[in-house]
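Turn these sequences into a full structure, and let the hints guide you.
These protein sequences, in sequence, are chains A and B.
Residue numbers are given in the numbering used here: position 89 of the first sequence equals residue 89, and the series is strictly consecutive.
Count along the second sequence from 1, then add 1000; that gives the number in the numbering used here.
Cross-link-like lysine to aspartate or glutamate pairs, in silico, EDC-like; alpha carbons within 20 Å at most:
| id | chain 1 | residue 1 | chain 2 | residue 2 |
| --- | --- | --- | --- | --- |
| 1 | B | K1355 | A | D114 |
| 2 | B | K1355 | A | E113 |
| 3 | B | K1355 | A | E127 |
| 4 | B | K1002 | B | E1026 |
| 5 | B | K1002 | B | E1356 |
| 6 | B | K1355 | B | D1173 |
| 7 | B | K1355 | A | E118 |
| 8 | B | K1375 | A | D26 |
| 9 | B | K1355 | B | D1023 |
| 10 | B | K1375 | B | E1139 |
| 11 | B | K1002 | B | D1023 |
| 12 | A | K91 | A | D40 |
| 13 | A | K159 | B | E1139 |
| 14 | A | K91 | A | E52 |
| 15 | A | K91 | A | E127 |
To be clear, the hints were calculated from the coordinates, so they are not data collected in a lab.
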Amino acid sequence: MNTLLIVLVVLAVAGVYLSWTAGRIDRLHARLDAARAALDAQLFRRVAVALEVATSGMLDPATSLLVADAAHRARSADDDEREVAESDLSKALAAAFPDADASRALSAQPGAEDLLGELGAACRRVEMARRFHNDTVAMTRSLRGRRLVRWFRLAGRAKMPETVEMEATPPGGLLP
Amino acid sequence: MKVGVVCPYSLDVPGGVQNHVRDLAEVLLEAGHSVSVLAPADDDTPVPPYVVPAGRAVPVPYNGSVARLAFGPLSAARVRRWIREGGFDVLHIHEPATPSLSLLALWAATGPIVATFHTAMPRSRVMTAASSILRPALEKISARIAVSEPARATLVQHLGGEPVVIPNGLFVDRFARARARPEWQGEGGTICFLGRLDEPRKGLAVLLRAFPTIWRARPGVRLLVAGFGDVDEARAQLPPECQDAVTFLGMVDDEGKADMFASSEIYVAPQTGGESFGIVLVEAMAAGAPVLASDLDAFRLVADGGRLGRLFGVGDSAALADGAIALLGDADQRAELRDAARLAVRRYDWSSVAKEIVAVYEMVAEGLTGVGEAKVEGGAFGNGWSG
Chain A
1 MNTLLIVLVV LAVAGVYLSW TAGRIDRLHA RLDAARAALD AQLFRRVAVA
51 LEVATSGMLD PATSLLVADA AHRARSADDD EREVAESDLS KALAAAFPDA
101 DASRALSAQP GAEDLLGELG AACRRVEMAR RFHNDTVAMT RSLRGRRLVR
151 WFRLAGRAKM PETVEMEATP PGGLLP
Chain B
1001 MKVGVVCPYS LDVPGGVQNH VRDLAEVLLE AGHSVSVLAP ADDDTPVPPY
1051 VVPAGRAVPV PYNGSVARLA FGPLSAARVR RWIREGGFDV LHIHEPATPS
1101 LSLLALWAAT GPIVATFHTA MPRSRVMTAA SSILRPALEK ISARIAVSEP
1151 ARATLVQHLG GEPVVIPNGL FVDRFARARA RPEWQGEGGT ICFLGRLDEP
1201 RKGLAVLLRA FPTIWRARPG VRLLVAGFGD VDEARAQLPP ECQDAVTFLG
1251 MVDDEGKADM FASSEIYVAP QTGGESFGIV LVEAMAAGAP VLASDLDAFR
1301 LVADGGRLGR LFGVGDSAAL ADGAIALLGD ADQRAELRDA ARLAVRRYDW
1351 SSVAKEIVAV YEMVAEGLTG VGEAKVEGGA FGNGWSG
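The following block contains the structure:
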C-alpha cells in the first residue's frame, strides 16, 4: 500500500515536472519564432536603406555600385546563401563607410545626414536582432540538450534551432 | 510606448543602478513615452510621480555585502498587481538575477521583456547559482543588455549567449556646464578623487601613498577628496607635512561633483577592482578633467587603452605618482586628453543611449500584444513558473 502511494507520488511529481519543462520549451520556441521574424525584418530594412543610399547619388559611382550590388544579392539570396550574402553586405558597408571623418564629409550634402543616420541605425539593429536571436537559440539548445527532454521527446518534432552566423558589426563610420 | 521599469534597489540610496533607472525614466518621459518605475519604497516615502512603491526594502546580507532588497509575499503581490494593471508594451527589468523586485517581476510576467545586467564579477557565486536555479526565469528575457564589456563577459561566462552592450548614460551637457571653483584649486595644480574613503577597492589608500611624492615634486599641489567616510582616519594616512595640501569635501551633490572635476588638472581613479563600467571616468571626461586611472578592464575600455586617459598598474602608487607628476607638468598633453575625451563622451550621452534602448524595446515588442501576467501553476510552489 505504502509502496503504491510512493510510486504514485513520484509519478505525479515527475508528470508535473515534465509538463512544466514542456511548457518552457514551448515558450522558448515561440520566442524563437518572434526573434527570427524580428531579425528578418531588420535585415530587410537594412537592405532597403542601403539600396536607397546607393541610388541617392551621395556616394561616388564606384562605392554606389559596390553597395547596390551587395544589397541586391542579400535581397535575392536563397535561404542557404542568405547568411553569406548578408555578411557580404556588412563587409561592403564597412568598406564604404570606414570612419567618422569620411562620413562627416558625406553628411555635408543635403539630405545625406538623415539617410546615413537611418542606415547606421538599421545596421545596429541588425547586430542586436542577431544577438537576441542567438541568445534564444542558446537557451533553447541548452534546455533541449537535457537527457529528460530528449528521452521523453518533450520538444516534439521541432528542428533543433541553429544560431545565425554572419558578420553584423556596424560600419565604423556610421556609429553614433 | 508604455514601458514598465523594475529597479531592485531603493531609489533614495545612491547607486549606479538607481541612477541609471532614474535618468532613463526621465529621458523616456521627455521623449513622450509613458513610464512606470516599480521600486522598493515605503508608502510614506516621497518618490517621483512615475515611481510605484512596492513596499519597504529590508537590509539583508547578499553577495558579500548588505543590500537593501524587497521580497516576500507582499512585494510579490504588488509586483503582480503592477503588471496586471500596467498594460505595458514592454517590461524593462534591471539586474534580473537579484533576489528582489526584479526577480519577482520576471517570474510574474510574460511577453516582451528586456533585461539590463549591470554587474561584472568573475566567478560570481550569485551568477553561478543563477545559471541553474534561475534559468527558467531568465529564459523569459527577449533581449539581454550589458552595460559594459566586463558585464557582458560575466554574463557570457555564466549564462552563455550573446548579450548586446549598451553603455550607461549620462547627461553630458550638465557636466560640460561645470565651472572651476578657485577656492578648491592649488597653485601647483589640482588632483581629485571620488569614492567612499573607507572602502578598500575604491583605492584611496593607493592615492594617499603616492601623494607625498607628488607633493614634493609639485609644491603647492592640492588634492580634493570627495566621498563619504571617516576623514580623520584617512588624513592620518598622510605624513603631517602634507596634510594641509589635502581638502576633504565630504559627500558632494551632482553639481559639486562636476565643479570638482572642472577645477582639477587630473582626476585620479585608483580603484583596485569590482568596477563594471567606470561611469565616473566618463563624468570626469565630460567635465573636462584629464583622467589618470588604474589599469582595470573597465577603465582601460573607457580610456580607449590610454588615448582618452592615462593608465597605471592597479595598486601601484609609484606609477600613479609618476603619471600624476608627468601630467601636472605638461599642459599640452592635458589639453590633448581633454579634447579627445570631450569628443568621445558624446556616445555616452543619454540622447544616444536612450535611442539604442528604445530601438531594443521596439524590436522585442514588434508583433506581440504586450506584457501580461503569467498564469500561476501548482499553487505557491509554482508561483509564476509557467508562462
